[in-house]
Amino acid sequence: GEDVEQSLFLSVREGDSSVINCTYTDSSSTYLYWYKQEPGAGLQLLTYIFSNMDMKQDQRLTVLLNKKDKHLSLRIADTQTGDSAIYFCAERGGKLIFGQGTELSVKP
Amino acid sequence: DSGVTQTPKHLITATGQRVTLRCSPRSGDLSVYWYQQSLDQGLQFLIQYYNGEERAKGNILERFSAQQFPDLHSELNLSSLELGDSALYFCASSVWGDNEQFFGPGTRLTVL
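Those protein sequence lines, which keep their order, are chains A and B.
FYI, this note's numbering numbers position 16 of the first sequence as 16, with every residue one higher than the one before it.
FYI, this note's numbering numbers position 70 of the second sequence as 70, with every residue one higher than the one before it.
No wet-lab data here; the hints were simulated from the structure.
Incorrect hints may appear among the rest.
Cross-link-like lysine-lysine pairs, in silico, DSS-like; alpha carbons within 25 Å at most [stated by the list, open to error]:
| # | chain 1 | residue 1 | chain 2 | residue 2 |
| --- | --- | --- | --- | --- |
| 1 | A | 56 | A | 68 |
| 2 | A | 67 | A | 56 |
| 3 | B | 9 | A | 56 |
| 4 | A | 70 | A | 95 |
| 5 | A | 95 | B | 57 |
| 6 | A | 56 | A | 70 |
A partial selection of chain B residues facing chain A, derived with a Cβ cut-off under 10 Å [to be verified]:
| # | residue |
| --- | --- |
| 7 | 6 |
| 8 | 7 |
| 9 | 8 |
| 10 | 102 |
Here the structure is a predicted model, which means the values were calculated and not measured.
Yeah, the Cβ is synthetic: ideal placement off N, Cα and C, and Gly gets one too.
Using the sequences provided together with the hints, build the complete structure.
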């Protein structure tokens, strides 16, 4: 069945790059998404990538997609304390399936 | 601000009770989705409506039901509440289909 997996925690120092990884199972996924959830808030769409793309860059965010391995990653350059949040990857084949979320902690 | 509004923000109730959560989608969005976020289950898709019609069903319990009204706002009804129903309930909307979804701030339900 459809499944999306992420590691649960990531801790980095301010100014470093963060890489959050995600694997998915549905090979018919058309779009893959990254959402950010700050404490006490809803999910905010950060970026998305179409399944026929390998990479998408948007300011400090770089999304890499390895469709063969069904692996998606989100790189945040120059990570700031304001980037501390939970990051969800999601795939859309039929409905939207979310991973468990990766809690990113940025230490000053 | 995503443009999706949800009321109430917090809801505290007792087991066995029934509650209604309300969602107003972004202006122009025809699709509304409901999600449940809990510590043990993560973020689970419950149900989707498109222009008033049920479009897709996820892990929604029979005690739960939803509808979308002609003005496109949606309500999620939760009945015979159990302790395990305590969670954050999110509504999201999109223009059509499963295109980019914009999430509301959520309703935190606590069942005592």
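Structure-based check of all given hints:
1. A:56 x A:68: Roughly 17 Å between the alpha carbons, so the hint for residue 56 of chain A and residue 68 of chain A holds.
2. A:67 x A:56: Cα-Cα ~14 Å, so holds.
3. B:9 x A:56: violated (35 Å)
4. A:70 x A:95: Roughly 17 Å between the alpha carbons, so the hint for residue 70 of chain A and residue 95 of chain A holds.
5. A:95 x B:57: holds (9 Å)
6. A:56 x A:70: With Cα atoms ~16 Å apart, residue 56 of chain A and residue 70 of chain A stay inside 25 Å; holds.
7. 6: Interface hint status for residue 6 of chain B: holds (8 Å vs cutoff 10 Å).
8. 7: violated (13 Å)
9. 8: For residue 8 of chain B, the interface hint is violated, since the closest Cβ of chain A sits about 14 Å away, which is over 10 Å.
10. 102: holds (7 Å)
Violated hints, in rising order: 3, 8 and 9; the structure is consistent with all others.
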